[in-house]
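Student: So you can see what is in the structure, the chains are spelled out below.
2 protein chains.
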Amino acid sequence: MYNFEYKNPVKIIFGKNTIPKVANEVPKNAKVMFIYGGGSIKRSGVYDTVKNALKNIELVEFGGIEANPHYETCMKAIETVKAEKVEYLLSVGGGSVLDATKFIAAATLYTSGDPWDILAKSSTVEVKKALPIGAVMTLPATGSEMNGNSVITRISTQEKMAFSSPKVMPQFSILDPECVFTLPDKQVANGVVDAFIHVIEQYLTFEVNSPIQDRFAESILTTLIEEGPKVIADRKDYEAAANFMWSATMALNGLIGAGVPQDWASHMIGHELTALHGIDHGRTLAIILPGMMNIKRNNKKDKIIQYGKRIWGITNGTDNEKIDAAIAKTVEFFESLGVPTTLHEYGVTIDTIAKITGRFEKRGFKVGEKADIDFNEVEGILMDRL
Amino acid sequence: MYNFEYKNPVKIIFGKNTIPKVANEVPKNAKVMFIYGGGSIKRSGVYDTVKNALKNIELVEFGGIEANPHYETCMKAIETVKAEKVEYLLSVGGGSVLDATKFIAAATLYTSGDPWDILAKSSTVEVKKALPIGAVMTLPATGSEMNGNSVITRISTQEKMAFSSPKVMPQFSILDPECVFTLPDKQVANGVVDAFIHVIEQYLTFEVNSPIQDRFAESILTTLIEEGPKVIADRKDYEAAANFMWSATMALNGLIGAGVPQDWASHMIGHELTALHGIDHGRTLAIILPGMMNIKRNNKKDKIIQYGKRIWGITNGTDNEKIDAAIAKTVEFFESLGVPTTLHEYGVTIDTIAKITGRFEKRGFKVGEKADIDFNEVEGILMDRL
Numbered sequence: 011m012y013n014f015e016y017k018n019p020v021k022i023i024f025g026k027n028t029i030p031k032v033a034n035e036v037p038k039n040a041k042v043m044f045i046y047g048g049g050s051i052k053r054s055g056v057y058d059t060v061k062n063a064l065k066n067i068e069l070v071e072f073g074g075i076e077a078n079p080h081y082e083t084c085m086k087a088i089e090t091v092k093a094e095k096v097e098y099l100l101s102v103g104g105g106s107v108l109d110a111t112k113f114i115a116a117a118t119l120y121t122s123g124d125p126w127d128i129l130a131k132s133s134t135v136e137v138k139k140a141l142p143i144g145a146v147m148t149l150p151a152t153g154s155e156m157n158g159n160s161v162i163t164r165i166s167t168q169e170k171m172a173f174s175s176p177k178v179m180p181q182f183s184i185l186d187p188e189c190v191f192t193l194p195d196k197q198v199a200n201g202v203v204d205a206f207i208h209v210i211e212q213y214l215t216f217e218v219n220s221p222i223q224d225r226f227a228e229s230i231l232t233t234l235i236e237e238g239p240k241v242i243a244d245r246k247d248y249e250a251a252a253n254f255m256w257s258a259t260m261a262l263n264g265l266i267g268a269g270v271p272q273d274w275a276s277h278m279i280g281h282e283l284t285a286l287h288g289i290d291h292g293r294t295l296a297i298i299l300p301g302m303m304n305i306k307r308n309n310k311k312d313k314i315i316q317y318g319k320r321i322w323g324i325t326n327g328t329d330n331e332k333i334d335a336a337i338a339k340t341v342e343f344f345e346s347l348g349v350p351t352t353l354h355e356y357g358v359t360i361d362t363i364a365k366i367t368g369r370f371e372k373r374g375f376k377v378g379e380k381a382d383i384d385f386n387e388v389e390g391i392l393m394d395r396l
Numbered sequence: 011m012y013n014f015e016y017k018n019p020v021k022i023i024f025g026k027n028t029i030p031k032v033a034n035e036v037p038k039n040a041k042v043m044f045i046y047g048g049g050s051i052k053r054s055g056v057y058d059t060v061k062n063a064l065k066n067i068e069l070v071e072f073g074g075i076e077a078n079p080h081y082e083t084c085m086k087a088i089e090t091v092k093a094e095k096v097e098y099l100l101s102v103g104g105g106s107v108l109d110a111t112k113f114i115a116a117a118t119l120y121t122s123g124d125p126w127d128i129l130a131k132s133s134t135v136e137v138k139k140a141l142p143i144g145a146v147m148t149l150p151a152t153g154s155e156m157n158g159n160s161v162i163t164r165i166s167t168q169e170k171m172a173f174s175s176p177k178v179m180p181q182f183s184i185l186d187p188e189c190v191f192t193l194p195d196k197q198v199a200n201g202v203v204d205a206f207i208h209v210i211e212q213y214l215t216f217e218v219n220s221p222i223q224d225r226f227a228e229s230i231l232t233t234l235i236e237e238g239p240k241v242i243a244d245r246k247d248y249e250a251a252a253n254f255m256w257s258a259t260m261a262l263n264g265l266i267g268a269g270v271p272q273d274w275a276s277h278m279i280g281h282e283l284t285a286l287h288g289i290d291h292g293r294t295l296a297i298i299l300p301g302m303m304n305i306k307r308n309n310k311k312d313k314i315i316q317y318g319k320r321i322w323g324i325t326n327g328t329d330n331e332k333i334d335a336a337i338a339k340t341v342e343f344f345e346s347l348g349v350p351t352t353l354h355e356y357g358v359t360i361d362t363i364a365k366i367t368g369r370f371e372k373r374g375f376k377v378g379e380k381a382d383i384d385f386n387e388v389e390g391i392l393m394d395r396l
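Keeping their order, the protein sequence lines are chains W and Y. Going by our numbering, the first sequence opens with residue 11, and the numbers climb by one from there. Going by our numbering, the second sequence opens with residue 11, and the numbers climb by one from there.
Don't take each hint at face value.
Treat identical chains as interchangeable: a pair holds within one or across any two.
As the list claims (entries may be wrong) - Straight-line Cα separation of at most 27 Å, DSS-like style, residue types lysine-lysine; simulated pairs:
(1) Lys65 to Lys380
(2) Lys138 to Lys31
(3) Lys240 to Lys38
(4) Lys17 to Lys177
(5) Lys372 to Lys38
(6) Lys38 to Lys139
(7) Lys339 to Lys26
(8) Lys311 to Lys240
(9) Lys311 to Lys21
(10) Lys138 to Lys92
(11) Lys339 to Lys86
(12) Lys92 to Lys17
(13) Lys177 to Lys139
(14) Lys31 to Lys17
(15) Lys61 to Lys17
(16) Lys196 to Lys376
(17) Lys138 to Lys52
(18) Lys380 to Lys26
Derived from the structure by calculation, the hints contain no laboratory data.
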C-alpha cells in the first residue's frame, strides 16, 4: 500500500423521505442559489419538495444546467451569483448539476485570471476558496455527491475538462433512493456503468498489496452487477435503488482509491467522445474500457485475472484466455443493461479516432496508471473498439 | 437498508515516516497538551519523533494514561489543562490514550454538572463542545483514530462506561504502520481480535438488504484473518502491518455500520469483565462472542450462516450445524492468535457471572440488536463460556 492522506467531510443524509431535511442543512440567513437542470425535478416532484422545505429561505433560481454541463452556462450563473450577491449554492439534480455548481462555486471567487484555467490548467491552478455548496442528488452515477471533482464542457471549443478540489466538496448531500423511481432506463444503465468504471479506474491497475481497497472495490462491482439489473427491471424496487445509490457514492468518494495506483485513462479518452459527439459519459466508458483492458493487458495482467476470478468466477485457461474471458464478461454486462460498447454503434467513424489521437499527440503527455499510454496507444485502444 | 446519516471529517495521514507531519497539523500558536501512556512511545522512538517535530510548539506533557484509561487520571489531566490554559490536545499512543484524550476534551468544557454524567448518562447527556484533538496512533485496534467513541473506567466503583460524540473526533490521525514493529505479540493479537469483533458487532445481526455494508464488513474480516497471523509471525512485515492497521480503522469509523442494525452486547458484557478483572478489552470480546453467537443463534441465524459461508467456506450440514461450525472456526481463529476464549482460562469463576448478571438486572434495560437480551440471557451467555 502506498502512503496516503484521506479526508472526506461530506455529510451524507441517506434514505426515504429525506429531501425535506435540506431545511436543516442550508444556512438560515444566507441568500441561496437553487441550481437545477431541465424539467426532470419538476416532473418528479423534487423541485416542489425542495421549494416547500426552503420556503423561508431567500432563493435565487438558476435552471437549465445541461447534461455534460456547459462552461458557457456556468459563466452565466456566475454573473447572476455576483449580481444577486448569492452566498450559498444548492445543487438539486444529478452529477451534471452538481459538477456545474462546483465550478460556479470556485470560479465566482477566482480572481487570478481566466476561470477556464481552473479546468484547462487544473494540474497547476489551486482552488483556494469557493462558495459553500449543498446537494440534493437525484441520480446515482457520478459520485459527485461525496467528492470534490467536477467535469465541464466548453461548447465553443468542444473541450471537456475536469478539476478537483476539497474546497468544492458539498457540505451535505441528501440521497433519497426514491429519486431513482422516475429515471428512464437509459439513465439508470448509464449510472450503473459509470459507477462500475469509477471503481475499475481505481482497481484494475497493478498490485500494491492493498487487500482492503481491492475487496471494497470488488464489493461495489459485485453489488452493481446484482442490483443494476434489478433497478432496470423494476424501477420501484426501493431496496435495489438504495443499494445502487450507495454503490455509486462509495465508488468515487476517495476511499477505494486511497493508497493505490489509479488509471483514469478510459475517462480521459471517453471525455473526447462526449466533447466531439455528445455521447453520454457512462456510454463512452463502456466503449473504451474493453479496449483499455485488451491493449493494456500486460500492465494490468494480475489485476484483470483477479477481477475475472473474484467478480466473474473465471478460473480456467491460460492467462490470456482468462483476460479475454474477463473482457467478454464485462462487455456482456454492459450490453445486458442496453449499453452498446463499440464506436460504430454510436455512428463514430475512423475520422474521429484520428481527431482524438491528434488531441492526445498535441497535449504531449502520457496517461494511465503507469503514465505509458501515448497517442499511438490511444489510437490502438480506439481502433480496438471501432 | 435503513435511512442513515454519515459524516466523518477526520483527516487520515497514513504510511511510513508520516509522524513528523504532526508539525503541519497542530495549530502553530496554541498551547498543546501532549498526552501519552506508559513508556512504550519512549522505547519505540515515537516520543522523540513527535517532540522533535513540535520543538517550536508550547507543549504541556501529560503521561501515564493507563490501558483501559482511568476516570481518575483523566480528572487529574483536566486540572492541568485548566491550570495551564491548554487549547489543543495531542494524543500519542493507542486507543486508550486517545479515548482518555476524548474524555478530557469533552469534560474540560462540560459545565452542566458532574463530568461522570458524560459517561454514566451518555444516552441523555449531549456533549456540546470539546477541545480540539489530534492523534498519532501507535496501535491498530480500537478504531478510535477515526471516530467519536471513548470508553473510560472508574476505578473507585469498578465501572467501565462509554460515550460518543462527533465533537471529540480527532481533527487528524497519523497512522504509521511501522509503529506495529515494536508491539508485543499480545497487543497485536488483542488488536486483531478487537477490530474483528468491531466488525462483527455491526454485521452479525439480521438481514436488512445491505450488500455494500455486508461485503465491506466481510472484506475487513477476511483481511484480518489473512494479515493478523502474518503480523504475529513477522513484526517487521510492513505490508501486513499496514493492511492490519487500515483494517482496524475501517472496522470502526461508522461506515460499515451506516444503515444497518448494530449489536454491541458483546462489548457491554465484555466491559464488565475488564471492570471487575482487568482482562484486556480484546480478550473479553474473544470470550463473549462465541457465547453470543451460540445463545442468539436464532436472532442471528441468517447472518451467521452467511458469515460461515463467505468467511470460512462453510456450506455443508443443517443450519444448526453450520452455525456450530462458524462458532468453532471463530474460536479456533482467536486461539490461533494466542487468545484464550473461556472464562476459566482467565481465572474467572461463577461468582463473577452472578455479579455481572446482577449489574445488568439493576440497570433494567435489554441489549443486542433486537434489544431482547435481558440479565437472564447475559447469564446464559457467560455460563456458555465458563
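Student: Taking the hints in turn, state whether each one holds.
Tutor: The hints, checked one at a time:
1. In this assembly of identical chains, the alpha carbons of Lys65 and Lys380 never lie at most 27 Å apart, being 52 Å within a copy and 40 Å across copies at closest.
2. Taking the shortest alpha-carbon separations for Lys138 and Lys31, only the inter-copy value of 21 Å comes in at or below 27 Å, while the best intra-copy value is 29 Å.
3. Proximity of Lys240 and Lys38 under a CA criterion of 27 Å is satisfied in neither setting, with 40 Å inside one chain copy and 54 Å between copies.
4. For the homomeric pair Lys17 and Lys177, the shortest alpha-carbon distances inside one copy (12 Å) and between copies (16 Å) are both at most 27 Å.
5. Proximity of Lys372 to Lys38 under the C-alpha cut-off of 27 Å is found in neither arrangement, the shortest distances being 49 Å within a copy and 46 Å between copies.
6. Proximity of Lys38 to Lys139 under the C-alpha cut-off of 27 Å is found in both arrangements, the shortest distances being 22 Å within a copy and 22 Å between copies.
7. Proximity of Lys339 and Lys26 under a CA criterion of 27 Å is satisfied in neither setting, with 34 Å inside one chain copy and 39 Å between copies.
8. In this homomeric assembly, Lys311 and Lys240 come within 27 Å of each other (Cα to Cα) only across copies, at 26 Å, whereas the closest approach inside a single copy is 31 Å.
9. In this homomeric assembly, Lys311 and Lys21 never come within 27 Å of each other (Cα to Cα): the closest approach is 38 Å inside a single copy and 33 Å across copies.
10. Proximity of Lys138 to Lys92 under the C-alpha cut-off of 27 Å is restricted to the intra-copy arrangement: shortest distance 18 Å within a copy versus 36 Å between copies.
11. For the homomeric pair Lys339 and Lys86, neither the shortest alpha-carbon distance inside one copy (44 Å) nor that between copies (63 Å) is at most 27 Å.
12. For the homomeric pair Lys92 and Lys17, neither the shortest alpha-carbon distance inside one copy (30 Å) nor that between copies (31 Å) is at most 27 Å.
13. Both within a single protomer and between protomers do Lys177 and Lys139 lie at most 27 Å apart by alpha-carbon distance, with minima of 6 Å and 25 Å respectively.
14. Taking the closest pair of Cα atoms, Lys31 and Lys17 come within 27 Å of each other both inside a single copy (24 Å) and across two copies (15 Å).
15. Taking identical chains as interchangeable, the C-alpha atoms of Lys61 and Lys17 lie at most 27 Å apart only when they sit on different chains, with a minimum of 25 Å there against 32 Å within one chain.
16. When the C-alpha separation of Lys196 and Lys376 is checked against a cutoff of 27 Å, the pair qualifies neither within a copy, at 33 Å, nor between copies, at 49 Å.
17. In this homomeric assembly, Lys138 and Lys52 never come within 27 Å of each other (Cα to Cα): the closest approach is 35 Å inside a single copy and 39 Å across copies.
18. Within a single copy, Lys380 and Lys26 get their C-alpha atoms only as close as 42 Å, which misses the 27 Å cut-off; across copies the closest is 22 Å, which meets it.
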